[in-house]
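**Q** Sequence:
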Amino acid sequence: MSKEDLHIVKIGGNITGNPEKLADFLARFHKLEGKKIIVHGGGRQATELSEKLGIKAKMHEGRRITDDEAIDVAVQIYAGLVNKKIVAQLQALGTNAVGLTGADMNLIKCSIRPKDPIDFGWVGDIEPGSVNVEQLDKLLNTGAVPVFCAVTHDGEGHLLNTNADTIASALSAGMAKKYSGVELTYCFEMPGVMRDIKDPESLIREIDLSLYDQLKEEEVVKDGMIPKLDNAFDAIESGVSKVHIQEASTLGTESGTTLIK
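Residue numbers 30 to 290, in our numbering, belong to the letters of the sequence shown in order.
Don't read these hints as lab results, they were simulated from the structure.
Honestly, I wouldn't trust all of these hints.
To be verified - Pairs of lysine-lysine residues, derived as BS3-like cross-links and limited to a Cα-Cα distance of at most 25 Å, are as follows:
| # | residue 1 | residue 2 |
| --- | --- | --- |
| 1 | Lys32 | Lys290 |
| 2 | Lys50 | Lys114 |
| 3 | Lys138 | Lys65 |
| 4 | Lys81 | Lys113 |
| 5 | Lys65 | Lys167 |
| 6 | Lys251 | Lys87 |
| 7 | Lys290 | Lys245 |
| 8 | Lys138 | Lys167 |
| 9 | Lys207 | Lys60 |
| 10 | Lys245 | Lys50 |
| 11 | Lys207 | Lys290 |
| 12 | Lys271 | Lys65 |
| 13 | Lys271 | Lys60 |
| 14 | Lys138 | Lys113 |
| 15 | Lys81 | Lys114 |
| 16 | Lys32 | Lys167 |
| 17 | Lys167 | Lys207 |
| 18 | Lys113 | Lys60 |
| 19 | Lys113 | Lys65 |
| 20 | Lys271 | Lys245 |
| 21 | Lys138 | Lys207 |
| 22 | Lys206 | Lys32 |
| 23 | Lys206 | Lys138 |
| 24 | Lys60 | Lys50 |
Build out the structure end to end from the sequences listed, making use of the hints.
**A** If you want it as structure tokens, here you go:
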């Protein structure tokens with residue numbers, strides 16, 4: 030096992046869709062020392078392009094249904110426009126980035142989500158062992174900085190829309206088998222996990238599984254934060270040394286919420 034550290038950072042559409050926030054985040058990411066990976070989404074930009082093309086976004090309980098038209102848009106935005114903008118800006122900063130989908134080098138192979146009871150279309154679910162750890166490690170050892178978008182593949186020639194939070198968690202869990210110190214950071218629009226999103230002083234500095242269950246019961250944590258934190262705790266259970274949730278503008282500092290066993 031390598032004694033080197035590996036930092037994996039996930040960013041969402043609120044950052045990728047805002048040029049100023051993205052530039053600030055990438056400048057901070059560039060300064061992180063050691064091996065590192067970015068994982069990004071782009072759902073907001075995909076929805077915007079869909080509307081321009083007259084394609085109505087289909088959702089079920091907050092989850093995107095990815096039919097034939099939607100997967101084409103997702104690949105264009107995630108693997109194309111958003112990914113290459115990030116790569117180009119990192120190159121300008123001096124970070125030798127490479128843009129990737131899960132299909133590249135067979136790095137992340139997924140299974141199509143079961144179509145019963147809801148057919149989500151070309152959506153991929155990550156199973157244990159889905160990350161090609163050896164190939165990714167070889168890539169990292171060249172000095173490259175991988176930039177993963179939210180697109181994977183099924184090994185049968187189909188590209189799949191896969192949740193970026195889940196990709197970040199799976200990459201972290203997989204690489205924890207290779208690196209002694211893997212740190213996963215989820216960057217989003219809030220300072221961290223808040224008891225009251227309107228009160229900056231209500232930031233929760235540390236959460237373990239027991240407190241997480243309590244926060245869900247109290248509905249302090251709900252809706253979209255639940256799958257994000259589920260992914261985070263999955264990573265911790267798989268050997269990831271640290272999971273941090275913070276605002277992108279504070280990357281590289283200790284501010285935010287740390288998740289512990």
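**Q** Assess, step by step, whether the Cα of Lys167 is no farther than 25 Å from the Cα of Lys207, and give holds or violated.
**A** At roughly 11 Å apart (the allowed maximum being 25 Å), Lys207 and Lys167 satisfy the hint.
**Q** Is the Cα-Cα distance between Lys32 and Lys167 25 Å or less?
**A** holds, 15 Å
**Q** Can the restraint linking Lys271 and Lys60 be considered satisfied, given a maximum Cα separation of 25 Å?
**A** OK: Lys271 and Lys60 at ~19 Å, within 25 Å.
**Q** Is the Cα-Cα distance between Lys290 and Lys245 25 Å or less?
**A** Distance ~17 Å between Lys290 and Lys245 Cα, so the pair holds.
**Q** So if I understand the rule, the pair passes when the alpha-carbon distance is 25 Å or less; does Lys113 with Lys60 pass?
**A** holds, 20 Å
**Q** For the pair supplied as a hint, Lys271 and Lys245, confirm whether the alpha-carbon distance does not exceed 25 Å.
**A** holds, 21 Å
**Q** Does the structure keep Lys32 and Lys290 at a Cα separation of 25 Å or less?
**A** Holds, at roughly 22 Å.
**Q** If you draw a straight line from the CA of Lys207 to the CA of Lys290, is it 25 Å or shorter?
**A** Given that 25 Å is the threshold and the Cα spacing comes to 20 Å, the pair holds.
**Q** Would the hint linking Lys251 and Lys87 be met if the CA-CA limit is 25 Å?
**A** holds, 22 Å
**Q** Are the Cα positions of Lys50 and Lys114 separated by 25 Å at most?
**A** Status holds; Cα separation ~13 Å.
**Q** Going straight from one Cα to the other, do Lys113 and Lys65 come out at no more than 25 Å?
**A** Within the cut-off at roughly 17 Å; holds.
**Q** Run the distance test for Lys60 versus Lys50: straight-line Cα separation, threshold 25 Å.
**A** Status holds; Cα separation ~16 Å.
In this structure, the one hint that does not hold is number 10.
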